[in-house]
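Protein chains in written order, with the UniProt record's numbering: chain W, 1 to 410; chain S, 1 to 456.
Hints were generated in silico from the structure; no laboratory data involved.
Watch out, some of these pointers could steer you wrong.
[What the hints assert, rightly or not] In silico DSS-like links for lysine-lysine, alpha-carbon gap of 27 Å or less:
{"id": "1", "chain 1": "S", "residue 1": "K437", "chain 2": "W", "residue 2": "K308"}
{"id": "2", "chain 1": "S", "residue 1": "K27", "chain 2": "W", "residue 2": "K115"}
{"id": "3", "chain 1": "W", "residue 1": "K345", "chain 2": "W", "residue 2": "K390"}
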Amino acid sequence: MFSPFSRVPSVSLGFLVPITVLVSSISLLVRLGFRFRFLECICHFRSVLTRRRKLRSNCVAPSVTSRSCFSINYAKREVRILCDKAKEILMEESNVQMAELAAEKHVRYILSVEKRKDNFESVVMEHLRMSGAYWGLTALDLLGKLGSVDVDEVTSWLLSCQHESGGFGGNIGHDPHILYTLSALQVLALFDKMDVIDVDKVTNYIVSLQNEDGSFSGDMWGEVDTRFSYIAICCLSILHRLDKINVEKAVKYIISCKNMDGGFGCTPGGESHAGQIFCCVGALAITGSLDLVDKDLLGWWLCERQVKSGGLNGRPEKLPDVCYSWWVLSSLTMIDRVHWISKEKLIRFILDCQDTENGGISDRPDDAVDVFHTFFGVAGLSLLEYTGVKPIDPAYALPVDVVNRIFFTK
Amino acid sequence: MTFGQVVEEQQSGWERSTDMSEESDSKVEAMDLLRQLEDILESDALIDELGFIHPSQFPLLKEESDISCNLSYEAIHQSEDGVVSPVEPSKQDNIYFWNRDHKLGISTHVLLPLYRAAKDAFFITFKQYRMCDNQSGKGICLPASSCDHLESTLLRHSKSLLLLSCDFMTAWNCRKLIVSKKQQLSMFVDELLLSGLVLSYSPKSEQAWNHRRWVIKSISANCSNFKEILGKESELVEKIAERSKMNYRAWNHRCWLVSYMTIDQVLSELRKSRSWAALHVADNCCFHYRRRLLLRIMEGQSCLEDTVSCGHNVNIVQALKDELDWNETLIKRYVGREALWLHRRFLSTCWINNFVPDSGDESYHSKEAIGLYHDFGTFLQNELCLLDSCSTFVDDDFVDVQAQAAHSASYILWLKVQVPKTLVNQLQEKIRDADLKTLLNKSCPERSSLFNYFMN
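If we strip away everything but chain W, and leave its shape as in the complex, we get (with noise of 0.2 Å):
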């Protein structure tokens, strides 16, 4: 589930397309105080007029008055009546046939990812398909068709990435890393297939990447993060040998994390993001720790996340974006403050974020779609209580119920 951070590599045209001068054109008369809503507005505008042409003659009377008008402030405001006209027939449009979650659409999209390896936006991606595995699989589970896939090729070509030191890789050949060894695990959990790996080896490959401040790096070459430390706690747990590292001193450095908005960044120090957020409050959760944290600050940082649209941004001033709907709204649910934002909203705009026609989720309304927001999309709606999805477990990642066979079966 992670490397979320880093997407798929932006293939930009560099230095040689004159897109490059129009963009930071653009940041210049944002730095100029140029209103950039404003454009917002007329784009939003127009959007609605292509969505229903018979309104058109409605929208378009003022903006005729609008030509006419001297002050500027005044075609502000008659854009802002337009827009705000747009909204309610929009609000109007949804109530009236509100989305449905497409479920069979995107088992049909994610089941077709696998087989998909003849461009080179896909290829390039293979070595985190472990990742990719544990994506497509938890969200098949969630909208109950995990039955569709054959376990022994799973579990198979699984076996073959890992590595002598007892740590996954993130495809075959390549070198071991926590986070694909967490992905790996997962999986296994998934199909209740745990009995087939070392757990003694993969422990003690977990139990060596602990530093002396009780930290955990990613791997030998020694990176820090702190969504390592979630990453090695959740292995442990799920492995039952967490009391194999010193925990007490992984639960302080996770907290020399913190930072005065009440939120946690990589490292000491490091700006406040919620996919770090999930990571401290997931292992603190997991630990059993989680009167460290200041809920009322965090929850407050947290809920600022929802814009306008109903969606969740990762950080102030970004985008919405599915994937956010996982980190901030699990983050919510441990520390007990998700009624402090608009679930109504928030499932609605995950619902806008559907190719209703192929399948999949995508970060935002009209963008493409990948196997990673399918999955947060999914595992977002199963945290809103969605019917049709299966829970899941806010600090896992995983469904409920294989959560409950870790821990209650023997």
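Using the hints provided, position chain S relative to the given structure of chain W.
The following block gives chain S in isolation, referenced to the frame of chain W:
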């Protein structure tokens, strides 16, 4: 035509060759492409920017470089000693690569076969290298040259692979392995160059940033110009942040550098980042960086408290005060910016924590404390004036004004929550709870459950 479509179209061309001989032909072709790319990379060690270009752009680029080529050709002829030869024709005719002025363009048409060739070549060589390494570990003497040769080939292939797939962790790791064995400063510096090149087209590449941190940690102990390297790193982040807005990975790297900086460097970074922040008021990352710097100064100050006289203390008070004033100016100039208001929350909290004594403090009644208490009153007065000037909006106003009102009201609520119990009545004297509540609910009705929680 989008990038994806181009690749798909080109791909269908590749996949059509089902015939075995054709397949091996295409493999040979791909290997040849890889060789060409690696030759270019070797011939121009100073390439500092990379881009993937659509084939239709090649003629245009060629035209441009022809013009400049002719110009330089004339220039050469005008000067007496025209020893420099114009660019080789073969280089100009290449339809897949474009290399000039230390910029490299790769045709999107060849990305997929090139990537596959680079990956295969990398894994094959890596396997051989590990075998070679194992054997020399066991005491079996191999000619040193064969291992050296494998190392240089591996560096070549991993470089090409990383330019095509920037988060290919195993390739970064293999470079770490080789470089850490050699322990030559020049090789470490080369790694910084490569990661810089990758960041030029993929500024969010997590692995490229990791690699830089690994290099810096490796050389921190024995490097004479370490301070200079830190300064350059900080500049690099700023350069990248200019092109890639609110880049968390980049700014996180800069925050990480702070722990290695001397206090003088911290102070100069604080000075230098100010103008950048003023031009990018929506970029919370830069304001966080300033918070990190301010906290570092305070940390340093509390460590040195016994040895350093109050000269330093005044400095931090002044720094906070300046930051508060500057922030106020920006808030009034750029209406409705969340990042500015969040920065103010931080500054006020610092102000309150550092300069308002706890109730249990014995020195509370001393002269100094009374002065501070008075200062606090002035501070609150100022914050409420700010609220006044920001919170008035009529329904007709623009969205930004509304956002400004919402931010200012939640800011005052924040103050109310942060202020110690002993001083909260000072705030209540100046603004009644009922008024604040009305203001909050009017400016941001969506968050009423949050506001109600904190107001009750």
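Checklist entry - Which of the listed hints are not met by the structure? => result Hints that this structure does not satisfy do not exist here, as all of them hold.
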